[in-house]
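Participant: So the chains spell out like this:
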Amino acid sequence: MTKRALQYLAITGIAGYLASCTFYSAEWPSVKEEKDRKKAPEFALKDANGEVVKLSDYRGKVVLLNFWATWCGPCEVEIPWFIDFQREYKDRDFAVLGLSLDEDGWKSVQPFVAREKLNYRVMVTSEEVDQLYGGVDHLPTTFIIDRQGRVASSHIGLASKNTYRQEILTLLGSAKPGSPKNETSPLVSSNRMLRVDLFRPGR
Amino acid sequence: MICFAQAVNVLHYDPPPPLKAKVGTAVEAKVPLSLQDGYHVNSNKPSDEYLIPLALTWSKGVLEPAGVVYPKPHLEKYQFSPDKPLSVFSGSFELVAKFTVPAGAPAGPAAMSGKLRYQACNNTMCLTPKNMDVALQVDIVK
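Residue numbers (the numbering used here), protein chains in the order written: chain A, 1 to 203; chain B, 204 to 345.
If you're looking for bench data, these hints aren't it; they were derived computationally from the structure. Even glycine gets a Cβ: it sits at the ideal position worked out from N, Cα and C. Hints should not be assumed to be uniformly reliable.
[Stated by the list, open to error] Chain A is nowhere near these chain B residues, computed Cβ spacing over 10 Å in every case:
| id | residue |
| --- | --- |
| 1 | K223 |
| 2 | V226 |
| 3 | V271 |
| 4 | P274 |
| 5 | K275 |
| 6 | H277 |
| 7 | A306 |
| 8 | G311 |
| 9 | P332 |
| 10 | Q340 |
[Claimed, not checked] Straight-line C-alpha distance at most 20 Å; calculated EDC-like pairs for lysine to aspartate or glutamate:
| id | chain 1 | residue 1 | chain 2 | residue 2 |
| --- | --- | --- | --- | --- |
| 11 | A | K46 | A | D130 |
| 12 | B | K318 | A | E103 |
| 13 | A | K38 | A | E128 |
| 14 | B | K345 | B | E231 |
| 15 | B | K333 | A | D102 |
| 16 | B | K318 | B | E297 |
| 17 | B | K280 | A | E76 |
| 18 | B | K333 | A | D137 |
| 19 | A | K39 | A | E128 |
| 20 | B | K301 | B | D342 |
| 21 | B | K233 | B | E267 |
| 22 | A | K117 | B | E252 |
| 23 | A | K46 | A | D104 |
| 24 | A | K46 | A | E88 |
| 25 | B | K223 | B | D342 |
| 26 | B | K248 | B | D217 |
| 27 | B | K223 | B | E267 |
| 28 | B | K333 | A | E127 |
| 29 | B | K333 | B | D217 |
| 30 | A | K90 | A | D130 |
| 31 | A | K161 | B | D286 |
| 32 | A | K61 | A | E42 |
| 33 | B | K318 | A | D104 |
| 34 | A | K107 | B | E297 |
| 35 | A | K117 | B | D251 |
| 36 | A | K117 | A | D47 |
| 37 | B | K333 | A | E128 |
| 38 | A | K61 | A | E88 |
| 39 | B | K263 | B | D286 |
| 40 | B | K287 | A | D93 |
All chains should be modelled from the sequences, with the hints used to inform the complete structure.
Facilitator: Structure (structure tokens):
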């Protein structure tokens, strides 16, 4: 094979890889088409009261699943938004679930939850669950899961409140996918977020 | 397929040349570090109790650790902390590790190994805390 052919293959390979990773502006809602949604991995974790929480308990609801940690500044920006969403939409078959990656578990998480007055269920995640969700290494990482338990959207890093709201409302059935909205977050006005395709083929 | 936002290892350690250490004296080793553009790590004394400090620790070895000198941190504001500046390190910076060389230390080449614990963020996301191996070559002379 000639050097030129190898260069061509390398370039097309890289281009193909990049094409498979879809970049979105943080301000643009990015709910996947139903046919492209994949099942969110099941988990069972204990909450602060020792009660086991399973994702499947929430089948029939739209779930915002947020991986976070007490040491994560961008997570701290988003948490008040999630408190708002929980309050505003909990009666419309919606729930926020927070999975903390704090290594010392409840020792750090419990005082934080009390201080910030989190009104949604929080669990301390496990390495196994992190791996099921693509090996969570960047925080915040957030998945919006539809009523059928499928991942409709995912965000790594700080997104905008409007993006989340738009995606939630789309899945709750009161907004059209991709419809524009005026509310934006100045925090992320120039940020571009990476949407992840969560699961390897066949997973 | 999983697409990662960026490489996970954003902090790099460039091992310095072997440290000459005379038996019975105090020595200092520079630990040069550099961060990927756009990232910062919390300083050794972060601005918030929840934040994870940069910390260099050494395993037991031929030298006796005698403290670490951290550079003066920057106070920076970020998109996620627009009002409260954070105490951070960014770019290239150096730690200074202090040791004493015990009187009974055997002459010749040796090595010290340590761990650098850090937690890095950029403007919009944070990486999980990391423990990086730090190796220091030592040449002990009588």
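Participant: Checked against the structure, which of the hints given earlier come out wrong?
Facilitator: Numbers 9, 24, 26, 30, 34, 39, 40 - these are the hints that the structure violates, sorted from lowest upward.
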